[in-house]
Amino acid sequence: MNKGRLLAVAIVVATLALLAIGTIWPVPSAVAYAGGGKGDLLVSPSTPEAAANDLGTQIRLHAWDKAYSSLANKAEFTQSQFIHDLTGYALSLRTYATLDGFEVQPLHQSANDAEVIMKLRWSTVVGTFEDKRDVHVVRSGDHWAVNWPIVPEQHVPPQVIPVNYLRWDVIKSGSGDDWGAQDVEAPHVRIVDMHPVNRADGVVVMGELLNEDVIPAYVSVRATLVAKSGSVLDSEGSFDMISHTLLPKQVTPFVIRFPGIDLSEVGSIRMVPQSVLVSASADPVIEVQNQQYNAPPGATLTGQLSNQSGQTVNVAHVLSSFYDKNGQLVWVAGQYIDRALQPQIPVDFRISVPEDIARKINTERTVVSTYAVGSFQ
Amino acid sequence: MAAVAIHLPLMLMQLPLKSYDTNFHIFFASHYVHHWFDPWNVKWFAGFSQTTYPPLPQQWVALLSWLFGLNMAYMAVQLAAILLLAVGVYRFSRLWVSPRAASYAALASVFLGNESFLVYSAGQLSTTFAAPIYLNALPYFFDWLRYGKWRSLLKACVLLVAAAAAHHATLIFGSAFFALPVIALVLLDGKNEDREADEKPSVQAVIARTVTLTIVVGIAIAVVLLPYWIGLIRYPITQTPIPHPSRASYILSPEWGLNYFLVPYGALILALPFIVIRGAAVARLRPLLLGFWVAFLVGLGGTTPVGKLLLGRAFEVLTFERFSYWAALLALPILGLVIMEFIDRFRLKAAITVALLAASTCTLAVAWSSIRPADAANFDVSSVAQWLNRDGHDRFRYVTLGFGNKLSRLAIMTDANSVDGESNSSRMLPELTKFGGAALTSSKYFAKPGMDSLRAMLAHADRYGLKWVIVRDSYYDPLLYFAGWRQVDELDNKTITVWGKDGVPPATPMNTSQRPPRWQGVLWGTLPFGFSILALLVIWLPEKRSRGFRDDDLPLSTEQTIDGEVIS
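These protein sequence lines are chains A and B, in that order. Okay, so the first sequence: first residue is 1 according to this note's numbering, each after it adds one. Okay, so the second sequence: first residue is 1 according to this note's numbering, each after it adds one.
Treat the hints as calculated values from the structure; they're not laboratory data. All C-beta atoms in this analysis are idealised placements derived from N, C-alpha and C, irrespective of residue type, glycine included. Some hints could be false.
[Said to hold, decoys possible] Think about it this way: if two alpha-carbon atoms lie no more than 25 Å apart in a straight line, the pair counts; the simulated BS3-like pairs of lysine-lysine are:
#1 B/Lys434 - B/Lys18
#2 B/Lys434 - B/Lys448
#3 A/Lys74 - A/Lys119
#4 A/Lys325 - A/Lys360
#5 B/Lys149 - B/Lys200
#6 B/Lys448 - A/Lys119
#7 A/Lys3 - B/Lys191
#8 A/Lys3 - A/Lys66
#9 A/Lys3 - B/Lys200
#10 B/Lys494 - B/Lys18
#11 B/Lys149 - B/Lys191
#12 A/Lys132 - B/Lys149
[What the hints assert, rightly or not] Distance ranges between label pairs, derived from CB positions:
#13 A/Leu107 - B/Phe274: 50 to 60 Å
#14 A/Lys360 - B/Pro506: 37 to 47 Å
#15 A/Ala20 - B/Ala176: 43 to 53 Å
#16 A/Asn2 - B/Val203: 22 to 32 Å
#17 B/Lys349 - A/Lys3: 42 to 52 Å
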């Protein structure tokens, strides 16, 4: 073989070998775009974990056809039901969520079936949430397939719900005025509690804000940490860790985080509550049911939200205040609900509490703020 | 003529405006129109320096905009780059193959899918502007190495610096993919017994001349792009890498294989076996073949481990469609030879086949910008610009969500400043660099990193005077609602909503420590553009004709056989 042919053959062979290597052991960026988390994309589901991993990959790629057809129990539900189980039956955080990652943990395995836990970490517009499913995996011939634990859609019977909740409208001085620039006095709001704590990732300032006026207020709180020398260390706002719309006499907890700052550096804290008059309605009313504090270890506050109105709430945000036996605020935590709140269908919530704080907790109080598509138009 | 016939109508239709980056280049140019000697631009990232990106093509767009307006000036510069590419490919090919084969290569460059993909889908003006300048410099580089002609050195240096002023990455990687094969060619020819004495420089002479040119060009580029290097040293790029689908495996993710391999290469894929066989068969073509092969493998992104191995961390920063472009340019001389032999053998049938394949390749790559547009929603941002420009709204900064590549278009039209922007290498704000998302306006496409970046920016709205969020994608509404923004207006038949936050202080100048001093602005406005003018002048200096390729350089010429078959 002459040099030219040898070179041509070498280039072809090397190229094919490199393609094979790149496909069998893909670089991390290739794995990410292929939807996998482990880099073993070509492994057939010859184990229960591989079957669950493959399913996770298909879900991540939104390859619904492949995901559904790989299920062992697909005869029990339609592909549409499978998709809606993951993305929500009504418009919610799940609808446009992307699967950021997933983990598969085997529990036990026999010759023909196995139990694994699938932890799906979804990324949404307001943050991430974890969807944990106990999955039964069964052997089907020479491979394994997942029995998907579908959560069926719940229905309520047709009915009429009278709406007679309070509502406040604001007449602006001109149609072109920007929101917040109305020539009226701002509602009177007051910080009724404020408590800074030192955490591993920095200072956390928590408290409660009261609307002591007789009109609704759109509120936020800003805190500025001042060093002992008098210089400003940092200034942050409550962002989404507050219920921004407060009806008359309503109270909202708030949390302001200052990452990377130690409380020992702080000499004083300047708190600035802001309020603006806005239109508001007491509807929709969300009832908190079966609220229960579960003591440590693994302390959580669990309960259910029930939408008492007739309209769908697309996103709900639960904010809970935790108090010690002296009634002192010791912690504030929140959770976005990833499923829409359909009228009268309870949806679970679960808020974790840090272990070191959990032991101090005696009572708790929960508020819910809601977002419904088109509600502010 | 072919380049004009094909690409002029497309430019007159302003087709590149649909691409990913065209508006970004026009935005940079719009700044040079008003502030030629002041690269500090307050419209993005709460203030940034345009010395973070080589300026030459944008400055030409800015200059020509006085005659044609910004859009058509961009088209004119892009068209000039396409025309220059045909010339560059011909001159480069003449080093390797006969004039006739080089002509076919130049003609093929007009139909090259990779070029059309970059022009009409990616909008990479800088890459497509720099590559032809670089290709035109290489014959002078060759002449300098082989004959030691000082005029060739001068021309090579000026053109290479002009190429670097257009796109520094082209020069860095071009040195490996294009210049090394040329050096190898000179050394190979030096061993050729049939060459005359003055065509056979010693290895020492070649090395000395290479080092001389490298030093001269290195110093010149260091001076011409000095503000860029100063900025890079003061503010090294430490931001979290941003995902880019050109780093995917085109086998495991075939949708990206379609986008970054099938569409750009087109019918060239059919010619790959012949390019390898022909390139390997001829000793003189082997360096070129190897250069093509490495660039081709790197251009496959994450399909092979080559890119990651060769580039290291840079693999996570670079995008790889330009490597495929360079690979295609390197293949063109051999392709020209293959086409020539094909036509010699099959005459009219071959000519028709080649023409059809070339036309379909170009058509697909051009049409791809419409089949899979960078921004599916083609909407007018003038209503948003008008809103920002009235009633003192421009006292505050703004950010758009769901605007795609219209972000740059809006920035051109409005007086208001934004904390967002499309130049990833120019941004310094920690909220933008920390998480691994690209422009905030497209946050949702970067999943958690993108949304984390957006949340961080919104959380620090007061710090940046960020009062307005202009939304064309209701996906973001829940975040704005829970984070304390309220809808204040609706525009464009309610397809765009304006959200505001109360209590935000007016925007104040920021990042001023990053602002380049005046002398850097003068340098930036003078030297890169000046070198392009100098390049236009020096290439007219008379020079003895280059003696790169000779007819006896191809051992497998006509009448010879491959695998026992007569090939002509």
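Going through the hints against the structure:
About 29 Å separates the Cα atoms of B/Lys434 and B/Lys18, which puts this hinted pair outside 25 Å; it is violated. The straight-line distance between the Cα atoms of B/Lys434 and B/Lys448 is roughly 12 Å, inside the 25 Å bound, and the hint therefore holds. In summary, the hint linking A/Lys74 to A/Lys119 is supported, as the alpha carbons are separated by about 21 Å, within the 25 Å threshold. For the proposed pair A/Lys325 and A/Lys360, the alpha carbon gap of about 8 Å is at most 25 Å, so the pair holds.
Taking the CA atoms of B/Lys149 and B/Lys200, the gap is about 14 Å. The hint holds against a cut of 25 Å. Restraint check for B/Lys448 and A/Lys119: satisfied, since their Cα atoms lie roughly 16 Å apart, inside the 25 Å limit. With a C-alpha separation of about 17 Å, the suggested pairing of A/Lys3 with B/Lys191 holds against the 25 Å cut-off. Annotation: proposed proximity of A/Lys3 to A/Lys66 is violated, straight-line Cα distance about 48 Å (limit 25 Å).
Distance check on the hinted pair: A/Lys3 and B/Lys200 sit about 23 Å apart at the alpha-carbon level, within 25 Å; holds. Using a Cα cut-off of 25 Å, the hinted pair B/Lys494 and B/Lys18 holds, with the two alpha carbons roughly 24 Å apart. Simply put, B/Lys149 and B/Lys191 have alpha-carbon atoms about 20 Å apart, close enough for the 25 Å limit, and the pair holds. Between A/Lys132 and B/Lys149 the CA atoms are separated by roughly 72 Å; this puts the pair beyond 25 Å, and the hint is violated.
Range check, A/Leu107 to B/Phe274: Cβ separation about 57 Å, and the 50 to 60 Å hint holds. With their beta carbons about 43 Å apart, A/Lys360 and B/Pro506 fall inside the hinted range of 37 to 47 Å. At roughly 25 Å, the beta carbons of A/Ala20 and B/Ala176 sit outside the given window of 43 to 53 Å. Taking 22 to 32 Å as the suggested C-beta distance range, the pair A/Asn2 and B/Val203 conforms, at roughly 25 Å.
In this structure the hint that B/Lys349 and A/Lys3 lie 42 to 52 Å apart at CB is violated, the actual value being about 32 Å.
The structure fails to meet hints 1, 8, 12, 15 and 17 from the earlier list, while all remaining hints are met.
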